[in-house]
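Engineer: One letter stands for each residue in the lines below.
There are 2 protein chains.
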Amino acid sequence: MVASEPSDSLSYRDAGVDIAAAEAALDASKAAIRRSHGPRVLADVGSFGGLYSAKGLGDDPVLVASADGVGTKIRVASAVQRFDTIGRCLIQHCINDVLVQGAEPLFFLDYIGVGKLDPTMVATAIKGVADACTDHNMALLGGETAEMPGVYPDDEFDLVGTLIGVVEREHVIDGSRVRAGDKLIGMPSIGLHTNGYSLARRIVEDRMNLAYTDPFPGDEEGRSVADVLLQAHQCYLEALRPLLKDPALHAMAHITGGGVPGNLPRVLHGYGAKVSRAAVPEQNVFAQLCAAGDVERDESWQAFNMGVGMILVVAPEATERVESILAESDYPGFLMGEIGDMDSGFHYLD
Amino acid sequence: MVASEPSDSLSYRDAGVDIAAAEAALDASKAAIRRSHGPRVLADVGSFGGLYSAKGLGDDPVLVASADGVGTKIRVASAVQRFDTIGRCLIQHCINDVLVQGAEPLFFLDYIGVGKLDPTMVATAIKGVADACTDHNMALLGGETAEMPGVYPDDEFDLVGTLIGVVEREHVIDGSRVRAGDKLIGMPSIGLHTNGYSLARRIVEDRMNLAYTDPFPGDEEGRSVADVLLQAHQCYLEALRPLLKDPALHAMAHITGGGVPGNLPRVLHGYGAKVSRAAVPEQNVFAQLCAAGDVERDESWQAFNMGVGMILVVAPEATERVESILAESDYPGFLMGEIGDMDSGFHYLD
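Chains as they are written, first to last, in the working numbering: chain A, 1 to 350; chain B, 351 to 700.
Some hints here could point you the wrong way.
[Said to hold, decoys possible] Okay, derived cross-link-like pairs now, DSBU-like style, lysine-lysine, Cα gap no bigger than 30 Å in a straight line: (1) A/Lys-30 - B/Lys-624; (2) B/Lys-466 - A/Lys-116; (3) B/Lys-380 - B/Lys-466; (4) A/Lys-55 - A/Lys-245; (5) B/Lys-624 - B/Lys-595; (6) A/Lys-245 - A/Lys-274; (7) A/Lys-30 - A/Lys-116; (8) A/Lys-55 - B/Lys-595; (9) B/Lys-595 - B/Lys-405; (10) B/Lys-405 - A/Lys-55; (11) B/Lys-380 - B/Lys-405; (12) A/Lys-245 - B/Lys-405; (13) A/Lys-30 - A/Lys-55; (14) A/Lys-274 - B/Lys-380.
Simulated from the structure, these hints should not be mistaken for laboratory data.
The task is simple: from the sequences and hints, build the whole structure.
Structural biologist: Listed below in structure tokens is the structure:
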């Protein structure tokens with residue numbers, strides 16, 4: 001064979017997998033990952049498994065684990081090539097998921113699946129995850145980036161992960177204290193968090209006929225569609241920390257996929273709920289999307305958080321005290337209903 | 351508006367997300383998930399975070415965590431609509447990843463991303479994950495299924511997850527005992543495990559011109575291409591358990607993406623390695639793929655495991671003892687080289 005002839009030899013790279021690109025992405029994010037590592041992390045980046053010392057985590061520690069992704073919010077990030085904030089959304093989403101059972105976060109592992117691996121994009125996304133971990137005093141303990149031609153279209157990717165937190169067993173919040181007559185206190189979301197993006201994108205693209213760089217209708221700050229839709233998933237850990245060991249806090253529901261009716265009943269052990277939608281402060285983003293999409297009211301409350309990111313179930317006599325504690329935080333609470341009798345189901349009051 | 355007129359109202363389902371389908375998939379797999387739950391699991395399926403009691407896990411316990419997927423092996427599963435075995439591949443892959451640091455598995459969380467959610471397919475995949483967890487005495491503690499139209503094509507999906515294991519700190523295997531002159535003992539893979547599928551599929555489809563239901567060339571058992579390629583990722587936990595606290599076991603490398611040269615150096619703390627390829631028993635699947643794809647030899651050892659699933663780094667005087675212990679297992683070891691001097695690099699002997 002003459003050297004200049006094209007070779008028939010197939011390589012891994014010919015098949016769409018560039019191992020060097022994955023290594024470059026990891027190298028570019030290593031410093032940010034290491035910054036998230038505290039004294040409990042016993043191995044450097046790149047070991048087969050991340051090592052986390054669990055010595056002295058508590059007298060009777062319970063690990064609380066949650067796996068999640070950011071859904072099709074990632075397509076908005078792809079559309080405007082902005083990959084630095086979705087990691088924070090993922091981390092803060094997962095923190096809330098373990099927080100509702102009383103846990104503080106310990107560490108996180110991420111996974112990025114991608115059609116064609118762009119080292120800069122992947123490094124930016126991983127750095128976003130690592131920085132959010134650092135900000136919340138947790139370690140980015142491990143992760144995996146997989147280039148999977150065909151499973152993902154070339155310009156699409158998925159970012160998911162698993163968070164491990166810990167709570168002392170006597171302080172696990174599991175809803176077993178919930179009783180009829182308990183009050184529901186909502187905490188405000190800021191925008192869509194990570195839910196309802198398939199519907200929101202459909203409305204933006206097909207009904208509003210907007211580009212992601214266009215101004216979002218009615219936005220008082222004059223932000224673009226992308227800015228409004230990529231607003232970070234809010235984290236309620238700091239606001240709720242003073243309440244986590246409070247016996248008057250009977251349960252919490254993180255409002256994610258399925259909205260209020262899909263999430264609140266998950267923590268009520270069969271008790272009913274009576275929810276006032278009018279009590280939740282209206283946000284322009286939901287009003288605009290629902291009007292443009294002609295989304296039915298009940299449907300909108302299943303697809304979107306509609307302005308409430310977390311609901312606390314509180315002993316009636318503690319309502320004012322809890323509200324005054326939340327008033328000190330970035331997420332002032334609002335009374336939005338109460339717990340109904342056992343087996344009375346989920347109902348809207350308005 | 352007359353009732354029979356088509357509505358302009360957009361729903362979440364119109365946008366490609368069917369919440370009921372996701373719930374149906376979870377319902378259909380709940381029994382299998384619950385079977386994996388031992389006494390340390392403190393919450394039922396469906397809680398925001400999975401609860402796992404960490405009381406008494408050890409005097410100085412170290413959690414070992416690994417996140418991974420099954421790569422484009424999933425496209426072979428999709429091609430033949432066989433979703434029951436990929437969960438086992440994922441679990442056994444992740445067990446090996448924490449095993450190399452001396453850890454036993456505790457629990458797992460899975461994530462399935464899918465373009466269009468088929469409840470039967472997703473339930474079958476989750477049940478496969480749960481059954482594998484049960485078989486290895488670990489809990490499927492949580493998970494997430496996300497329907498993401500556009501991120502994934504309708505008929506594609508990704509299955510990934512995170513495993514948490516535990517090892518007593520004094521028994522962490524971290525490669526710090528590795529010395530020049532240590533022996534390398536390989537343990538046989540069975541087929542591709544979960545690596546090299548993008549290249550393998552390209553060869554099968556474009557060079558061999560085979561359908562996945564065709565017989566695989568040269569297979570002594572007359573199996574189909576799909577049967578050969580979907581062979582489960584082998585798990586070395588049972589075989590290696592008698593050696594985990596043995597001070598003569600200096601390091602282990604799980605041979606995954608990047609092959610022997612991409613994985614063995616990860617655990618050697620800068621020591622070199624001299625590897626005999628001829629010492630690794632040949633397997634028909636690699637011989638056929640490499641011949642049909644005209645894959646260069648070095649390239650094939652990076653893309654595929656080439657017959658070795660795990661490499662042990664062993665004190666020279668313990669070689670025979672380790673080999674005799676492995677001879678009792680399903681994965682008899684073979685001597686395949688030795689550790690070189692510090693900074694001497696990775697070399698093939700043949």
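Engineer: The structure should be examined with respect to each hint, and the outcome stated for every one.
Structural biologist: Tested hints:
no.	hint	in the structure
1	A/Lys-30 - B/Lys-624	holds (29 Å)
2	B/Lys-466 - A/Lys-116	holds (21 Å)
3	B/Lys-380 - B/Lys-466	holds (21 Å)
4	A/Lys-55 - A/Lys-245	holds (22 Å)
5	B/Lys-624 - B/Lys-595	holds (26 Å)
6	A/Lys-245 - A/Lys-274	holds (26 Å)
7	A/Lys-30 - A/Lys-116	holds (21 Å)
8	A/Lys-55 - B/Lys-595	holds (20 Å)
9	B/Lys-595 - B/Lys-405	holds (22 Å)
10	B/Lys-405 - A/Lys-55	holds (11 Å)
11	B/Lys-380 - B/Lys-405	holds (26 Å)
12	A/Lys-245 - B/Lys-405	holds (20 Å)
13	A/Lys-30 - A/Lys-55	holds (26 Å)
14	A/Lys-274 - B/Lys-380	holds (29 Å)
Every hint from the earlier list agrees with this structure, and none is contradicted.
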